[in-house]
Amino acid sequence: MIASLGRLPAARILRSSRVWITLGAWCSLVLAFAGVARLEGWAHGADRVLGSVYGALALPFIACALVRAAFGGRSMISSTAPLVAFGASPWRAALASIGVATMATALLGAGLAALVALVAHGVADPPPGRDAIVSAYVGGLGAAAYATWFALGTTFGRRGGGRILFLALDWLLGAAGGATALATPRAHLRNLLGGVSPMNMSERSSAIALVTLAAFCAVLAARLARRR
Amino acid sequence: MILLEGVSAQRKPWSIHDVTIDWRPGVHAVVGTFADGGPLLLGVIVGSARARVGRVRVLDGSPTDAQARTRIARVPVDPSLPDALRVDEALALAAVVRGDPSEPAEQRLSVLGLEALARRRVSSLSRGEARGVALAEAVTSPRVCVIVVEEPFVSSDSRAASHIAEALRTKSRSGSAVVVTTASLRDAGDLADDYLLMRGGAVVGRTTSVRALAGFGAGEARRVIIARDAAQARGLVAALARSPDVAGVELDANTVRIRGADPLALARAAGQAAVQADVDVVEIRGEPPSLDLARAAAMGAP
Numbered sequence: 000m001i002a003s004l005g006r007l008p009a010a011r012i013l014r015s016s017r018v019w020i021t022l023g024a025w026c027s028l029v030l031a032f033a034g035v036a037r038l039e040g041w042a043h044g045a046d047r048v049l050g051s052v053y054g055a056l057a058l059p060f061i062a063c064a065l066v067r068a069a070f071g072g073r074s075m076i077s078s079t080a081p082l083v084a085f086g087a088s089p090w091r092a093a094l095a096s097i098g099v100a101t102m103a104t105a106l107l108g109a110g111l112a113a114l115v116a117l118v119a120h121g122v123a124d125p126p127p128g129r130d131a132i133v134s135a136y137v138g139g140l141g142a143a144a145y146a147t148w149f150a151l152g153t154t155f156g157r158r159g160g161g162r163i164l165f166l167a168l169d170w171l172l173g174a175a176g177g178a179t180a181l182a183t184p185r186a187h188l189r190n191l192l193g194g195v196s197p198m199n200m201s202e203r204s205s206a207i208a209l210v211t212l213a214a215f216c217a218v219l220a221a222r223l224a225r226r227r
Numbered sequence: 000m001i002l003l004e005g006v007s008a009q010r011k012p013w014s015i016h017d018v019t020i021d022w023r024p025g026v027h028a029v030v031g032t033f034a035d036g037g038p039l040l041l042g043v044i045v046g047s048a049r050a051r052v053g054r055v056r057v058l059d060g061s062p063t064d065a066q067a068r069t070r071i072a073r074v075p076v077d078p079s080l081p082d083a084l085r086v087d088e089a090l091a092l093a094a095v096v097r098g099d100p101s102e103p104a105e106q107r108l109s110v111l112g113l114e115a116l117a118r119r120r121v122s123s124l125s126r127g128e129a130r131g132v133a134l135a136e137a138v139t140s141p142r143v144c145v146i147v148v149e150e151p152f153v154s155s156d157s158r159a160a161s162h163i164a165e166a167l168r169t170k171s172r173s174g175s176a177v178v179v180t181t182a183s184l185r186d187a188g189d190l191a192d193d194y195l196l197m198r199g200g201a202v203v204g205r206t207t208s209v210r211a212l213a214g215f216g217a218g219e220a221r222r223v224i225i226a227r228d229a230a231q232a233r234g235l236v237a238a239l240a241r242s243p244d245v246a247g248v249e250l251d252a253n254t255v256r257i258r259g260a261d262p263l264a265l266a267r268a269a270g271q272a273a274v275q276a277d278v279d280v281v282e283i284r285g286e287p288p289s290l291d292l293a294r295a296a297a298m299g300a301p
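Heads up: the sequence lines are chains E and U, in that order. Residues in the first sequence are numbered consecutively from 0, following numbering that gives the first Met the number 0. Residues in the second sequence are numbered consecutively from 0, following numbering that gives the first Met the number 0.
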């Protein structure tokens, strides 16, 4: 049933030219930086591009664009209303949309991270094959966390404008190193990509935190979708 | 099938108070404007609005139960359809969610004469077309046993308008309960088997016949007479003005509207005037009372 309910958010993503243009632009930007790193011969090219342009800038916007497309640019309740009108439970309809948005973002995030690791590979980076696999895992995990984070934002505002608020919160809280950073995907993703760790957390703890954050945001967003 | 006992609910700016209903299969009309709470009552029936007081049972359970949910369809004035899909894809998705057998979209849409919409993107549909698709989905789903429709003839697609009444009656004959809200006594009379008059969120009258519905306007009957042309209509007005049974006359091109206390005397006066003025009458028909008049009569107001 949930797979059937996923047809609508999948069609919204696949048939929206706007989202493809946005994704194309962000991916091109990231790959252009990766190309520059390769041409300039940066020793830690993959690390630097993944930690800066990819993780800190492009991935949040890519996730935000994909979530926006999956929900048709509307709020959670409004975007799942057509499925609920056919008799689907609001909870399942919301979970299906969140699932599709999360899978699409995770796949793109993982693929793009792996590509960056290969293109921007420098002499001081780990072996390219292993680095691409680890980058794909980190990128996919971070992207999934961002997708559910923005899905939770979609439950706020008449047209799901809470997404922008959550983007701003991620920037403001995640950039700081305090305890509030622990609640954002940015701080944990930065840690996994070799940047500053929040509250001196280990990479393993940040990975667990991202999984927990993703699950919490997904369940809370689906629960909030029942308010209709 | 639909049982409401002493139900009160509120969704700003509307509310309903102490509504008791026991509807079986058939077409039931809730007569009143939006402000009278008809759409909120439908919301309570489909489970999208919560009753603050009272008991709501639809299909022997709560309307939000997983089993009941797929057997209830709502067609609001502005229906919500899967925007990114084509109409045939949307109907296929609806069939999967409801648990219906797969059926060609053209066949399902043909009940309202809308088969040409099958390959259109839902986002390209006008409001009337979207309402037609939502209604076709509801009436052709074998699983759906309760259909609620807001203002069935408002913003309806011109191709579908002539099929709506028959489609709803056919569905009700198959053992379903169809509930329509309308502010038009004429639409209610055309569609429904029984009528619930609402005002300010309260039920002010109930009846089971068109005759009784018209009777809510007791004390004032209305007739419309259509003459062949405006000149003949003027001659008719002059003849009608002399009749003691006619309390008022209005002329609009070749259409004459008359009102009086007794519907039979009014019809007789119209006939006599047509003979006296030697006018070719195209049509004489009764007009239902206005909604305000019907509600005032139902409440026993002078």
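Keep in mind the hints are simulated off the structure, nothing from the lab. Bear in mind the structure is a predicted one, so any value in this text is a computation, not a measurement. One should not assume that every hint holds.
Here's a subset of chain E near chain U, in silico, CB distances under 8 Å, partners left out [as the list claims (entries may be wrong)]: (1) A10; (2) R47; (3) G50; (4) L56; (5) P81; (6) A87; (7) W170.
Heads up, the beta-carbon is just placed ideally off N, CA and C, and yes, glycines get one too.
Tell me the numbers of any earlier hints that the structure contravenes, in ascending order. When the structure is compared with the hints, numbers 2, 3, 4, 7 turn out to be violated.
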